[in-house]
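Top line first, the protein sequences correspond to chains U and D.
Residue numbers for the first sequence follow full-length UniProt numbering, beginning at 1 and rising by one.
Residue numbers for the second sequence follow full-length UniProt numbering, beginning at 1 and rising by one.
Keep in mind that the hints were calculated from the coordinates and are not lab data.
Bear in mind the structure is a predicted one, so any value in this text is a computation, not a measurement.
Heads up, a few of these hints could be off.
[Stated by the list, open to error] Straight-line distance between alpha carbons at most 30 Å, and here's what the computed BS3-like set of lysine-lysine pairs gives: (1) D/Lys282 with D/Lys224; (2) U/Lys224 with U/Lys354; (3) U/Lys117 with D/Lys224; (4) U/Lys282 with U/Lys224; (5) U/Lys354 with D/Lys117; (6) D/Lys354 with D/Lys294; (7) U/Lys282 with U/Lys294; (8) U/Lys354 with U/Lys294; (9) U/Lys354 with D/Lys294; (10) U/Lys354 with D/Lys224; (11) U/Lys294 with U/Lys204; (12) U/Lys224 with D/Lys354; (13) U/Lys204 with U/Lys282; (14) D/Lys294 with D/Lys224; (15) U/Lys224 with U/Lys117.
[Stated by the list, open to error] Among the chain D residues that face chain U by a calculated CB cut under 8 Å, a handful are: (16) Phe66; (17) Ile98; (18) Glu114; (19) Val133; (20) Asn236; (21) Val274; (22) Glu275; (23) Gly317; (24) Pro320; (25) Leu321; (26) Gly400.
The beta carbon of each residue, even a glycine, is placed where N, CA and C say it ideally should be.
There are 2 protein chains.
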Amino acid sequence: MTESVKGKVPSRRAFLKGAVAAGGAVAGAGMVRAAEGDPLITEVQPWASGFGEGVDATPYGLPIRFESDVVRRNVEWLTADTISSINFTPIHALDGTITPQGCAFERHHSGAIELSKQDYRLMINGLVDTPLVFTYADLERFPRENHVYFCECAANTGMEWAGAQLNGAQFTHGMIHNMEYSGVPLRTLLEEAGLDPAGDLSDKWIYVEGADASSNGRSIPMDKALDDVLVAFKANGEALRKEHGYPVRLVVPGWEGNMWVKWLRRVEVMDGPVESREETSKYTDTLADGTSRKWTWEMDAKSVITSPSPQSPIPHGAGPLVITGLAWSGRGAIDRVDVSIDGGENWQTARLAKPGEAKALTRFYLDIEWDGSEMLLQSRAMDDTGYVQPTKEALREVRGENSIYHNNCIQTWLVTPNGEAENVEVS
Amino acid sequence: MTESVKGKVPSRRAFLKGAVAAGGAVAGAGMVRAAEGDPLITEVQPWASGFGEGVDATPYGLPIRFESDVVRRNVEWLTADTISSINFTPIHALDGTITPQGCAFERHHSGAIELSKQDYRLMINGLVDTPLVFTYADLERFPRENHVYFCECAANTGMEWAGAQLNGAQFTHGMIHNMEYSGVPLRTLLEEAGLDPAGDLSDKWIYVEGADASSNGRSIPMDKALDDVLVAFKANGEALRKEHGYPVRLVVPGWEGNMWVKWLRRVEVMDGPVESREETSKYTDTLADGTSRKWTWEMDAKSVITSPSPQSPIPHGAGPLVITGLAWSGRGAIDRVDVSIDGGENWQTARLAKPGEAKALTRFYLDIEWDGSEMLLQSRAMDDTGYVQPTKEALREVRGENSIYHNNCIQTWLVTPNGEAENVEVS
C-alpha cells in the first residue's frame, strides 16, 4: 500500500496578511468567499426574523437533529446478543477531551440494569475488622474527590490484530471515554471497615463485583485499591447514567475498563486473587506459543487520529488542514505525540491542546498545508515513563496475532486526494 | 435570624478504626448498618437475576428516570414570555465542575433558533484590510484550542439584591455553566482579515452579533478580542446544542454571559463601541444616586454552597456531613474558599478538589461532624488577584439596591435540625 503514497510534509505558503501569532502554527484560510451573491449574507433569513424556542422547551436537552449521526453504534455481527455486547463512542466527530455520557461507549455482560439509590447497597467484607454495608446516602457522607480519567475497554482495537478490519475510528478505537468523576476513594471505605494501610498488605487483594446478573467479578491487588481507585457516583458533574453503572461504579484509573465494575455491589478483601472467569478465560492475552499473559491491567500508551478518518473525510481540497486526534496512557501522562502523513517515514511533533494529565485523554493537533495528494496518516504517542507506542508489526512480533486485548499499535488511515479515508495496514 | 442560630464547629469524634489518611480531613461513617435482615443483601434481587438493556437501546442516552428532577427550570413569573427568558442549571444536584450541556442554563432574547452548518456564515467586516465571510467548513480549517471556562449570566443572583427571594441554589446561582470548549481564537480570524495585532489598536473595538432576531449585539474592546476570546463549535467534546448557539458561539472568558453571542453571525472592527441596547438600557448597573455603571464586563469572584441547600436538604441526622459548593472568578483562578456554619462569625478553609483554574469553576468541600443544630451556611471565595467575595451588606453600601446585575455577594442558607435549608439574609 505504501508504494502508492506520495504524501509529504508540504511547505507552508505565506497567505496571512497580518503577523502570525506566536505559539502554535497558524494555518490560514485562502478559502474565504465574498459576500456578493450569497443570499445567506444578502437576504434576511427566517431564523433572523422569527422567534426560536423558549426556555421551557427542553428541561433536559439533547443534541440538535443535524447531529443525529453522532451517536454510539454497535456492530451487529460482533456478538450474539446486544445484552452481552459493546457499542462505540463516536470519537471521529468529537473534539476536546471530555466525552458526554450520552454518547460514551457501553459494555455490558448481562445488560444495563436499573437500580435505584434506595435499593442500592455496597458491602465490604472478607479480611477486614468490621464487615460493612453502605447505603447510597451513607456513601455521600464521606469526603469526595474529583478526577478526569479515561476508561478504555481492553478489547479496544481488538479486531485489528489480524489486519485492517473496521472502517472508522469509532469502531477501531471507540471503546473509550473520558469523564470527570466525583466519588469517595475506595481506600477511605476500606479503612472504615478496619483495614490498616500501615500494616503489611503486600499479599492482599480485593475482589469486586457488580449487582447485575453477570456480576463481572475482578481481582485487584491491594496496592492499586489503596492508590487511586474511586467509588464514583457522578460523571461530568451529574449522576452516572444507567448504562454507566448508576448509582455507583468503580473507577480504576489507567486500568482496563472491565475492572471498572458498574452497579458496584461488593468489595471483598482476600489473601489472593479469585482467578475468576473475567481474568482467566477472558481478559488474558494468548501469545503465539499458546501461553497466555494474565494480569495485564494497565492500558499502554496509545493514540489515534480522529479526523480526518474514514467517518470524517476532508470536505475540501488542498490547503490548510487540521489533523487531530486523541492520545492516552494508563501509566501516566502523555508527553508527546508525533504525526506522520507518509506511513511512518517522517514524523512531525503535534501540538498538545494542554499538557498531558495522568490517565486522562490528551487532544493533539497538527495544522498542515495539504498538497492534495494521498496521505498515510499515523500518530504515535509517548508517555512520561518514556514508553513509545509501537507499530503493529512490532507488537505482533512479541504478541503474535491470537490476542484480543491490549492492541495499542499505531493506526494507519489512507487518505485519498478526494479527501476520503480508509483503514489500511502499512507493511 | 442570627439570634436563633446555635451552630458551631463541632469537635471531630474518633470513629475510624484504622489510621486516618493523610491530606484532606476524613469524616467517617458511624452510619453503617449490619446486613442481617436487609433483604437487599440477603435475597437475590430481580436486577441480579435477569438481563438489563442491550447496547442498541439508546444510541444517545439520557439520564435515568430516577434523576428526572435534575433538569433546567425556569421561573414563570420572572419574564413575560419564555422566548425572552432564562432557565437555571440544577447546580444543587451536580458535583465536580463540568456542566453537561443537557442541563446547562439557557438565556435567549428571541428564542433558540435552529441554524444548520450548511446555512451558517460568519462575516468579519469594518476596519480590516479584507472583509471576509466564512462558512462552517472554513472555520474548521484554522488551528483550534481547548479550554474549560465558566459562563455566568450577569443577572445571576440578581433577584437577591433586595433580600432573600428564591429558595434554592438552582434559582439564586444557577445562571452558570462550565464546559470544555473547542474552537478557533478570534485573534486568528481577525488576522486573516488583515488586522495587524502589532499596530496601535488601543482605541479599536469589535461589535459582535448573533443570527437570531434579537441579534444581541455587544461591543468588546480590542484588547480582550485579541486575548482569549474563542469562536467555539464544540462544548464538552460534542457540537454545541441548539440552545447554546449551534453551530458557533463566541466564548468570552470571565466576562458576562450576554457577551458570549450565540449563533455568531458578524464581527465588525470599529473605532469605538456601539452603545447598543444590550450595553446601555440593559447590562448596566444603576447605583443609589441614579447614575449607572457601564462596561461592567468581568464577573467578580463568587461562590455558593450547592449542598446542603434548600433543594438538597441533609437526609440524615448529626454526624459526618459533606458541605460542598462552587467558586469562580472572571479575573483569574480561585485561590481559597472559606466556609462558615455560623453566619460569618467563624470561618474554616475549605478543601479545593483541584487547584483553581483561571475563569473556570472550582469545586470545594468541607467535611464536618455536624452536631445536629441549626447552621447559617456561607461560603466566601478569594481569587488570585487578592479579591475577597463581599457580604451582601458591603456590596449594597457601594451599589445600593437598584442593580440587577453583578450581585456576587456571600449567600446564606439556614439549615434547621431536620436538615432542611432555606434562603435567608444575615444582618
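Hints, one by one, checked against the model:
no.: 1; hint: D/Lys282 with D/Lys224; verdict: 21 Å, holds
no.: 2; hint: U/Lys224 with U/Lys354; verdict: 27 Å, holds
no.: 3; hint: U/Lys117 with D/Lys224; verdict: 47 Å, violated
no.: 4; hint: U/Lys282 with U/Lys224; verdict: 21 Å, holds
no.: 5; hint: U/Lys354 with D/Lys117; verdict: 28 Å, holds
no.: 6; hint: D/Lys354 with D/Lys294; verdict: 34 Å, violated
no.: 7; hint: U/Lys282 with U/Lys294; verdict: 9 Å, holds
no.: 8; hint: U/Lys354 with U/Lys294; verdict: 34 Å, violated
no.: 9; hint: U/Lys354 with D/Lys294; verdict: 35 Å, violated
no.: 10; hint: U/Lys354 with D/Lys224; verdict: 22 Å, holds
no.: 11; hint: U/Lys294 with U/Lys204; verdict: 18 Å, holds
no.: 12; hint: U/Lys224 with D/Lys354; verdict: 22 Å, holds
no.: 13; hint: U/Lys204 with U/Lys282; verdict: 23 Å, holds
no.: 14; hint: D/Lys294 with D/Lys224; verdict: 16 Å, holds
no.: 15; hint: U/Lys224 with U/Lys117; verdict: 27 Å, holds
no.: 16; hint: Phe66; verdict: 5 Å, holds
no.: 17; hint: Ile98; verdict: 5 Å, holds
no.: 18; hint: Glu114; verdict: 7 Å, holds
no.: 19; hint: Val133; verdict: 5 Å, holds
no.: 20; hint: Asn236; verdict: 5 Å, holds
no.: 21; hint: Val274; verdict: 18 Å, violated
no.: 22; hint: Glu275; verdict: 22 Å, violated
no.: 23; hint: Gly317; verdict: 11 Å, violated
no.: 24; hint: Pro320; verdict: 4 Å, holds
no.: 25; hint: Leu321; verdict: 7 Å, holds
no.: 26; hint: Gly400; verdict: 29 Å, violated
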